[in-house]
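Asker: Please arrange chain B on chain A, whose structure you already have, making use of the hints.
So the sequences go chain by chain: A and B.
Take the first sequence: its letter number 438 is residue 438 in the working numbering, and every next letter is one higher.
Take the second sequence: its letter number 304 is residue 304 in the working numbering, and every next letter is one higher.
These are computed hints drawn from the structure, not numbers from a lab.
Treat the hints with care, since some could be wrong.
[Unchecked claim] Restraint ranges, calculated between C-beta atoms of paired labels, are given here:
no., chain 1, residue 1, chain 2, residue 2, range
1, B, 414, A, 468, 55 to 61 Å
2, B, 309, A, 437, 51 to 57 Å
3, A, 208, B, 399, 30 to 36 Å
4, B, 198, A, 398, 31 to 37 Å
Idealized CB from N, CA, C, for every residue including glycine.
Protein chains: 2
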Amino acid sequence: MTTTTPVTFERHPDTYRHWRLTVDGEVAWLEMDVDEQGGLVPGYELKLNSYDLGVDIEFYDATQRLRFEHPQVRAVIVTSAKDKVFCAGANIRMLAASPHEWKVNFCKFTNETRNGIEDATEFSGQTYVAAVNGSCAGGGYEIALACEKILLVDDNSSTVALPEVPLLGVLPGTGGLTRVVDKRRVRRDLADVFATRPDGVKGRTAVDWRLVDELVPRVGFREKVLSRAHDLAAESDRLPAEQGIELAPLEPSITDDGIEYRHVRGAYDRPNSLVTLTVLGPEGEPRLDGWLLRLTRELDDAILRLRTNEPDLGTWVLRTEGDPEAVLAHEEVVLSGKDWLSNEILHYYKRTLKRLDVTSRTLIALIEPGSCFAGSLVELAFAADRQYLLDGPPIDNEHSLERASITLSEANFGVFPMGNGLTRLESRFYGDDDHLTWLARERDRALSAAEAVELGLVTDAPDDLDWEDEIRIALEGRASLSPDALTGMEANHRFVGPETIETKIFGRLTAWQNWIFTRPNASGPEGALRRYGTGQKAVFDRKRV
Amino acid sequence: MTTTTPVTFERHPDTYRHWRLTVDGEVAWLEMDVDEQGGLVPGYELKLNSYDLGVDIEFYDATQRLRFEHPQVRAVIVTSAKDKVFCAGANIRMLAASPHEWKVNFCKFTNETRNGIEDATEFSGQTYVAAVNGSCAGGGYEIALACEKILLVDDNSSTVALPEVPLLGVLPGTGGLTRVVDKRRVRRDLADVFATRPDGVKGRTAVDWRLVDELVPRVGFREKVLSRAHDLAAESDRLPAEQGIELAPLEPSITDDGIEYRHVRGAYDRPNSLVTLTVLGPEGEPRLDGWLLRLTRELDDAILRLRTNEPDLGTWVLRTEGDPEAVLAHEEVVLSGKDWLSNEILHYYKRTLKRLDVTSRTLIALIEPGSCFAGSLVELAFAADRQYLLDGPPIDNEHSLERASITLSEANFGVFPMGNGLTRLESRFYGDDDHLTWLARERDRALSAAEAVELGLVTDAPDDLDWEDEIRIALEGRASLSPDALTGMEANHRFVGPETIETKIFGRLTAWQNWIFTRPNASGPEGALRRYGTGQKAVFDRKRV
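If we strip away everything but chain A, and leave its shape as in the complex, we get:
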């Protein structure tokens, strides 16, 4: 099952097919009510609140709108609108029929949404509560795990479960194993029992094992849940807000050759398997809800579309165009803001940069005259696998005095940490505190090619005579390499130093899952994932690897 229609990622609550978002003062209800016939592509029914990418895209949309359009919300209750079922997890028939790259990309996006929920709880004072009002399995329990609290209905039948290993021969794909032991600190032997038991755990045992926080009787369930949500809302440190801002449609212009937004242009070069993503700097007077927010939304959307719809474009060339001073002026309005909206914009840009960090494409930054790699936008370059700076005039105008530069700002020193908890500069100069101190002194001025080389901010700085050849060779060289080896190599190089739940999910859990997805024991004709629901038992090669 692949989709020939490109997947889009913009949604609106008015037209959700699978969720109901209701805001009531400081508490929002996010109710899952999956339309069985509403699969993103044909070939499966979304029974028992199981989900596919389309369901999760709406989920993501809701979490974003809660942060921007409903700033008064301080607690979000995730529950099901169906009777006796919370969520059965990712749809198995969809997974079984999907090609490998679709499964992997689907898991990545759903993981990012779960991480976003935790981000909202930690940094936005919008605390998520899972109100598990029926059976809750696999990806369903992983949604609950992403919430700060898990309340389970005490009805003597509803369970939480991670049945992927025993029923499907794969791992829970959205952080389940990691969050069980690392976040909820379930003892590893109990985690082992739990993750190999297809029927899961209910009631008191679920509490004792720390799989859920509290049991709530079925009678009065919603009232009790609401009361808990108000308790959490009362503890929230969310900044006060009167009204939100609307996330209006982005309306990019789309052709076979690319995609254009207001501040982001993507130009496809299919013969060379690459796309050039150009970010345009701001114009006009800085305003809080202006350029940076819009740019972030566009970049987010472009990343998601390219990942899903353009798997053959293996290299993303990152460029900028504009005035570095304008970038600094515009970002300053947001960086200096002490209000809820500034906070949301900065965390949203942070999350979007994190998407780049885990994108399985080669990222090459080209820093040329006319570019505006300053402050927030330098993070794009630091997210890249390499940075090339043109040390000379523009290629098409050798008499120009314009030169490329990089300008660091406070934005590069702690505002946008990576998943490993380090800034991109700290990752780049891992353990070299002296150099980081030196760099902090070089903020707020344009660094020349020679300075950027000296400071280790770029991989190379060819002059205008060498530039085109060197870049061409680098890009052609990259396109000739094994895409799989590049994905593994980049995933290892990008995250130096400490690990977090987030990096473990993307680095370790995902890598094991990818391996398992490719194995005949899961995806072969007699594999567990393919045979699930057929009544036939899977046949395994019993060799341990």
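Answerer: Below, chain B alone, put in the same frame as chain A:
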């Protein structure tokens, strides 16, 4: 290529085919001189000091004997006896022809040996120096990376390289990517250039990029290297020693049904895909070079044989037999020793437990009357995925008053850390410092079934009526699950909390490598690994996953 002859892991310097070990006072030379015709199995030639499992088994043997038989050694020089080539890495034809599980197991063993070199440097005061006297590629450079210092001959031609990605479409398999950025702190964009450049980096650039520590002219190379080794030996904190102890042959008794050493018995149950490993407690008077050292050597050997030769035995049942008091008395002699040999024995037992932690087999500890799970031996139970304790008399003697127990000792509180730097108890009760404090107060006495349950030390404690059924169901249930899903699940559950270079290598790098090994872009008929050396270019599916 599989071997039908079981692989053995005991070697002796007198009969090495691929290495020369020369000890000269405080410095040892370990010279690689691979016999091209000496492959472990037929079908490839070990050209250019490339290695296979057989070469690495000798390497491991040398590192162990240096620690025990040559305690006066404080620095070890790893170099090549061949002209102009240090080591070309793992043999490609061997890898290309190997089944998946062989490749993965081979990488695991070689990784453990590299980690052991770092362990010798850090904890034994035997500091390894790589004297790179010729071209050094792939696994060759990864041997150098495991050393504390890398000295590269300055001859205008010798390079260090990680050519796996560009030439083979796989990752460096023994920690290369991780050690480059995490240990040597090479900037990630330079690491990216380095790992995609098939011809590597030489001379000044290799020093500037931190890939090597120092250039040494060809003239006087060995003298200069020796001088550096003496400098490092002078800084070593190795405890003084007059003479070593011999690691005599273990001489296990081997049948189709199992393997028996003096203190370790492995009994195979092939129909149920399991092996019962029984560790026997000590007898007689405690002596420093007695039971624990011998047990460790036997356990180490048994783990390696089972992993390599018995991939179908997916569950290892861990048992002990003996007197818990005797275990404590014997371990006390080693734990209280302040000499070099006590130190070596404890670190060796630590490394052997770490082998268990990364073994891709389900580990189930059975704690029965007559067992001796005390102190050091409790670590075997804590290394297991589950622990079952029989709460009642022995199954075959219902009138007996003998009961199973667990006895914690100082051995469980810091002596044998896992790869993540935590003790197994700290991993088990991750973040629960109060409970760890409580446990520390419960040391040095036999804990009953009820106490073990109360303290969370066992998964379950069935009584004698339920025992056989519960264990049978647990083992049969395990055997019915997908071996791949179990491997991934266990690898994720076992390492909670912080990460180290070691856990990154086994958890993240290995998982990505395993995935890449299964992909057609590497191992398919047109894949890069299979086509290497044929003159034909690999054909890639360009989709990024």
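Asker: With reference to the structure, classify each hint as holding or not holding.
Answerer: Hint-by-hint comparison with the structure:
1. Roughly 59 Å separates the CB atoms of residue 414/B and residue 468/A, a value that falls within the hinted 55 to 61 Å.
2. Under the hint 51 to 57 Å, the C-beta atoms of residue 309/B and residue 437/A, about 54 Å apart, fit the expected range.
3. At about 35 Å, the beta-carbon gap between residue 208/A and residue 399/B stays in the expected band of 30 to 36 Å.
4. Range check, residue 198/B to residue 398/A: about 34 Å between beta-carbon atoms, so the 31 to 37 Å window is met.
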